[in-house]
Structures are given as C-alpha cells and as structure tokens.
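Protein chains in written order, with UniProt numbering: chain D, 1 to 334; chain V, 1 to 334.
One or more hints might be untrue.
Pairs involving identical chains hold if they fit within one copy or between any two copies, as the list cannot separate such chains.
Claimed, not checked - Restricting the straight-line Cα-Cα distance to at most 16 Å, the calculated cross-link-like pairs of lysine to aspartate or glutamate (EDC-like) are:
#1 K265 - D213
#2 K327 - E169
#3 K153 - D8
#4 K190 - E149
#5 K190 - D294
#6 K153 - E32
#7 K206 - E315
#8 K105 - E300
Everything labelled a hint here was simulated from the structure, so no lab data went into it.
Keep in mind that this is a model prediction, so the values were computed, not measured.
Number of protein chains: 2
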Amino acid sequence: MKKVSVKDIAKLSGVSVATVSRVINNNGRFSEETRKKVLQVIEETGYEMNYSAKTLRTNKSYTIGILVPDISNYFFSDVVQKIEYILFERGYSTIICNTGRNEKKELDYLKVLQGKGVDGLIVISGAEEFSFDYTEAKKEIPYICIDREPKDKSQTTFISSNHYQGAFEATEHLIKVGCRHPIFAVLNRKSTSAKERLSGFKEALKKNHFTFDNSSILYLDNPPAEMKRQTQAFFNNYPTTDGILATNDAIALELLNILHNMQYKIPEQIKVIGFDDSPITNYSTPPLSSVQQDTAKIAETAANHLLYLMKHPNETGQTLIVPVTLKLRQSSAL
Amino acid sequence: MKKVSVKDIAKLSGVSVATVSRVINNNGRFSEETRKKVLQVIEETGYEMNYSAKTLRTNKSYTIGILVPDISNYFFSDVVQKIEYILFERGYSTIICNTGRNEKKELDYLKVLQGKGVDGLIVISGAEEFSFDYTEAKKEIPYICIDREPKDKSQTTFISSNHYQGAFEATEHLIKVGCRHPIFAVLNRKSTSAKERLSGFKEALKKNHFTFDNSSILYLDNPPAEMKRQTQAFFNNYPTTDGILATNDAIALELLNILHNMQYKIPEQIKVIGFDDSPITNYSTPPLSSVQQDTAKIAETAANHLLYLMKHPNETGQTLIVPVTLKLRQSSAL
C-alpha cells in the first residue's frame, strides 16, 4: 500500500496542507467541523505522521511576533492593530510584546518570541540599531524593521515613513507662513525616525538660508514638569522663537499647553506643527497641524513583506519608504 | 549515591528552583552568568533531568497572556503596560493579543495562548460574558477578568473599577451645577463597564427625582459622521438637554466637537463629563471633566491575584472593586 501523505489527507479532507498541519498539531486556527473531518480522514486512511508533517510541526506556528516600545503611543498602536488585522485574515495570529523602551526587556522578549516558535517578527521603532543574534536560536526567523534602523540591512526589510520629507515640508510651511526663527522640539532620547525628522528640518533651514545652531533645537525630557522648565528656559534664551516643529503630536500638545500658560498666542505669536496626525489633533486648542503617516500603507507593506520573506528567506535587503502628508490646521495658520 | 534533585542544583548554584528550570528549558529569563553557573553545577553533579524537572518543563513557561479588545484605547493600553511592568519584575513575560472586539478572534487567540503554554491569562473588557472552555486545553490556566463579567464567577477573580460609583457621582455633580436634563451617551455596543455606568447614572437620576426615559440616553455608533447625525437628531427631539455623561473620554471629546459645530457653548449651555481621565482631557476645548480609573491599582491587583491563583488554583471566586475619582475641569463648570 502506498504510504499516505499529508497532501493526500488535505485532498481527501478538502482543506489545505497548512490546515491539516494545524489540526495535527492542535496549533493555530480551524473550525471544529474541519478538525472532525481531518481526524476522520486520518483515521480512515491509517495515516501516520511522517517526516513531512513533523517538519511542518517544527517549522510553522502560524504566529507572528511584534516588538513595540510603547502601545500607548497612537502611531504604534495604530500600526500594530492594522498589521494584526491583515495577518489574521491570512491565517496568522499576532502576539505583541511591549518593551517599554528597555533594551534588556527587548532582548528578553526576543528570546521569549523565539521560544514560542514565531514564524516571523516585526520590530517597531527603538533608539538603537536593531540586531538579531541568532546564535541561540533554534531557527532563523525572518524579520521586518519599521522605523528602526537595522544594524545589518542585508538581513531584513526596512520600512519607514518618509520622515525626512515630512519634516522638510512642515518646516518650509512654517517659513512660508512667516516664521523667522523656527525650531525643532525633540526628546533627548532620539529614535531612528526622530533623527530623520531632524535632518529634514535642518535641510529646509539650509535651503531657505536660515542658520541652524543651538537656538534651533529644543531638547526635552519627560515628565511634563521637566518639559515646562526646559521650554521656559529655552524661550528666555531665545525669545524670538516663532515656529515649532515637534517630533510628535504628544510633544506638540504638551508645548501648546506650556506656551498657553506662558501667555503666548497660538498661532498668532508662535506656530506649531506636530507629527503623526493622531486623532487628538482635532481636539486641541487650537487644532494641531501635523504630518500624517500612512499607517494603513505601512501595515500592509510590513505584513506583505514579512509573509514574502517567510517564503523567500534570502530576499532581504530592501528599504521601503512610505510617503507622508502635511495636514494643516489652525495651529500653523497665517 | 543519592540522586541529585533540581533543588540541590538550585542550592549549589545559588539560584532559585525556578531559575534552574528556566536554564534547563532555555525558556524565560536568566543572565549568561547564571546559565554558565547552573550548567557547570549540573555537569559537576552528574544531574539528570528527572520527573520533577520534566513537570516544571511541562507546566511553567513564565509567560502570561493578555487578551485586550483595542490597544489604541488609553485605559486598556495603560492597564496592559502597567501589568506587563509588574509581571516582568516578578520574572514573567507578557504576550498581548488584540482581539479587535471580534468574538471569533478572541476564541482563536485563546487557543493560541493555550498553545503557547501561558501560565496565566488576563482578560480585559468585552461585550459578552467571558467563559473559558477547557475541554481542548492541555492544562487548566488560571485567569483574571478585568471589566469583563465572567460567565462563572467561581472560576476566576473579577476586577473592576467602581463604574457605578463613578457614574453616580458624575451625574450628581451635573445636577448640582444646575443641569435639569442630564443624559448618558453610550455606544450601542455596550461593555460590562458601560452597563455599570448606565446603572449608576439611572440611580443618581432616581435619587434626585429625575425621570429616566428615552430622552435620558443617547445611543451612538461609530464612525464619527454617524455619531454627528445621531447627536443632531437627539438634540432636535430633546432640545432641553443640558448635561452629558459620556461612557468614555473618546466619546465625550467627539461630542464636544459635534456640539461646538452645532453652536452650543460648553459649559455654559451644556456641561460634559467623560470617563477614564485620559491625558487628552487636558488638551480639549474646554478641558474635560472625567472619572479617573486607578489603573495602577487595577494593574497591581490583577498581577498579584493572577500570581496568587497560579499557586492556589482553587482560591477563585473573588470580586475586587477599585474606587474611582471624579476629576473636575472646565467642561462641567458652573
């Protein structure tokens, strides 16, 4: 008698090989009906799990891991949810690990995700270049970096908004509406994307013959009370400041509050633009101009490329840049 | 020669039994130094993994799963992050699954988390009563429900803010500052907590001799354009409405925008209070009064009780209610 293969089981059950594998391993998703059907066919054919099924068992968990620094950040949670949605439609479950911007924690969660046998990994943002140490791994896991410079670009697909373009356009807009001393407000802890935004800001100053020096950049730290102190000190030193591009909306909103308490009129005296175009921009006083990242496109690109890398593990090394859009509201109006 | 036990290895290595188990199984967290030390002791003593170590291997993954409907919601992401922080300090990794308020997805993720061998589970919010079907599970997993009514309270620990008290106090405040026709604004998709808030609202009306009827409750649906239509229709029918308790801050902020566009003055003509006290309440026009949930206390209670249940699986059946605080801002001022 010809040995029954997992393919035969799939054919006889009217489902895919992947589904048969999931039922055999009781891992991933299938209906109770499917389970019954597959188990019935297995029984009828006297199928015994062979090497091929064991390979499937070892190599496929239908689970994707996501490392994210801070799920309370709008941009991150939006991208993560959109990725999860797409992957689920394709039969993959997503498990999310929140690293709290802690390097040690990130390494630990990398180990955990490997231990759970994820088929692929998406790494979002972070301060340092990302490197994946495979020395203790049971298998190489394809991974995608979003807004996180990989140490070795040849090992991954790198996806990012065009932060440079966004900051450049926002800065040129500030200059166009009359700012003579625009500044860039950024956290001391700088991410890959913040660095790109800073260089877009610098380049726009340069193109418009403005000087970039200490008076062009306001460094901030959490908590808000510290930001307030730093902002007041900066405005004491550089009272001609009349435009701010903030590295994200949360910072921009905090600055709106601080400047309001310092009796500045926005946008009459100081114009402010944020980054991310989070929903909150519509509720602030005044509504906040912001650079919109295309989270749907980023999520779609990341999910598609990860699934592609899982099938073609050698096709790494790509960099994909997603365009951004400047959304103008009252905070930067003439 | 006496057989060496995992306890002996732990003693000789100067680490806990749990750490020895993690090293043996290469699962969870330990330093490179610890790993070397433990492996050296194992080699020196000629220790062979025995039944006890295998039990540890089968039963402990040092991973906790969290099911959450929507990580972009401030309350959820805040609680999840605080739980993760506490559990990590105790040596546990947390994996988060975002169910998108989709029942089928929730069931699938329950299976996935069981497949990954989590030691415990925290279920946050959701529309339906939560029940955990163990029939296909390899082991019983202790679980905690936060803001999610369990189908069988004897199987779990139930943790919740005192939504009833929060809504009651907020409603009494609206009445105290002069509202003669306060309403409750809620999504048609009602969670466990929204139901509690509604009953707090009703009870405050009753205590103050106000009638509760169709004119007391504004049902809303996403997206915002639909909310706008529903709100306009409601105010056409009930133009005397002069106070709103919204079921969460996101809804309250959307209503502030809609009412502003309808030319209402807040708080002069209509007073508004939200729920959750998310950071956004400080940035709205006007700043939003809100009922603050004690996310630190909720997270701490959930993490502690889950770890306790993992050691004492029969000590279920508790209900823990965490007090809330009404934070007053300009949106409900006299």
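Quick rundown of the hints versus the structure:
no. : hint        : result
1   : K265 - D213 : neither (25 Å within a copy, 45 Å between copies)
2   : K327 - E169 : within (11 Å within a copy, 40 Å between copies)
3   : K153 - D8   : neither (40 Å within a copy, 46 Å between copies)
4   : K190 - E149 : within (12 Å within a copy, 42 Å between copies)
5   : K190 - D294 : neither (21 Å within a copy, 31 Å between copies)
6   : K153 - E32  : neither (43 Å within a copy, 27 Å between copies)
7   : K206 - E315 : neither (38 Å within a copy, 67 Å between copies)
8   : K105 - E300 : neither (27 Å within a copy, 19 Å between copies)
Checked against the numbered hints listed earlier, the structure breaks hints 1, 3, 5, 6, 7 and 8; every other hint is satisfied.
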